[in-house]
Amino acid sequence: MTDADRADFLQGMKDCVPIVLGSGAFGVLFGALAVDNGMSMYQAVLMSATIYAGASQMVGIDLFGSNVAPWLIVLSIFAVNFRHVLYSATIGPRLKSFSFAKKALAFFLLVDPQFAESERRAERGKPISFSWYLGMAIPTYCCWVTEAAIGAYFGKFIGDPTAYGLDFLLPAYFLGLVIGFRRRRNWLPVVLTSGVISVIAYKTVGSPWHVSIGAIAGVVLAAIMVKPASSEPVADYEAGDA
Amino acid sequence: METASSEITWIIIAGAILTYMARFGGHVVLSRFKSVPPRVLAALDAVPAAVMTTLFAPVALTNGWPEAIAMGLVLLVGLRFNMTAMLVTACVSIVALRHLFG
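Going down the list, the protein sequences come from chains A and B. If you're matching positions, the first sequence starts at 227 in the working numbering and goes up one per residue. If you're matching positions, the second sequence starts at 5 in the working numbering and goes up one per residue.
Bound conformation, chain A alone (with noise of 0.2 Å):
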């Protein structure tokens, strides 16, 4: 290990302290609604370790809760952690100078926040080294697993998540990375489509589908807005600038 590749593990854990912290809160509820909902501790921490994904895992414990077919609880999970289809096409050509099996091992961290974090280390013209991505997601997987095996533990001592504001957390967690990409083009429009169309759907339609139905919303608009000029000349995938 190199001089450079410790200082960059070291800043990757650095800038995982805020998600670490707004998203240890969800990790624990998740751990104590799972053994509510009939789960045993070591089911819990599996889902955490194997799927790793927060949103679809609440949807899998609300739905391992009611009369519903096995089948249609994995497309469930499936749907809401289609957009990581999307996470990965995007970051791909960021990870280059990746073996296979060091990118096998990154897609498998891309979590929203991981993902988040890098399009802004690479926003800011740094290089997604595999050290600063590890200081990054090594930590934040680990806390993410430990929180739900804390949560299956502890869960009927933490009483009431709203009494603190914590459920709250995460949600003003998403709205900062928002804040975060308004320099990218068509931002304002992509993200009011975006948001409108997301409580429509949540009104309407349900929770979780207005992820997805919100966010195509917005990316169909981004697509929609190039300009037909621009679209003469084909853009290069492989060279990053997806």
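Mixed in with the good hints there might be a few duds.
To spell it out: a stretch of chain A is covered by chain B in this simulated footprint if at least three of its residues, at any positions, have a beta carbon under 8 Å from a beta carbon of chain B; those stretches are [said to hold, decoys possible]:
hint	stretch
1	268-282
2	294-303
3	307-316
4	321-334
5	337-345
Some chain A residues near chain B, calculated using beta-carbon distances under 8 Å [unchecked claim]:
hint	residue
6	411
7	412
8	452
No wet-lab data here; the hints were simulated from the structure. Virtual Cβ for every residue (Gly too), placed ideally from N, Cα, C.
Knowing the structure of chain A, use the given hints to seat chain B on it.
This is chain B only, laid out in the frame that chain A set:
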């Protein structure tokens, strides 16, 4: 009726495999093309803001006044200060506002 325990384990494993395929697949599919049209690039560029907006907008607009006002305060703080300041604002303001409106 609740889902049986052994079924839950299998659902978790199937969900994990599909989630990993989504995380790896996007890149695998796009890297097969030598070049990608600008519309696709613009769409990809909009992904993070579009997805993450849907994760806070319904909370801000459908939960009630405390959440709406607190989210507005977080937005104002976020235009000037960093993430930690935003999260502190979120926690303090939501507890105070829920107390006030509760």
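| Structure versus earlier hints, numbers of those that do not hold, lowest first | Of the numbered hints given earlier, the structure breaks none, since each of them holds.
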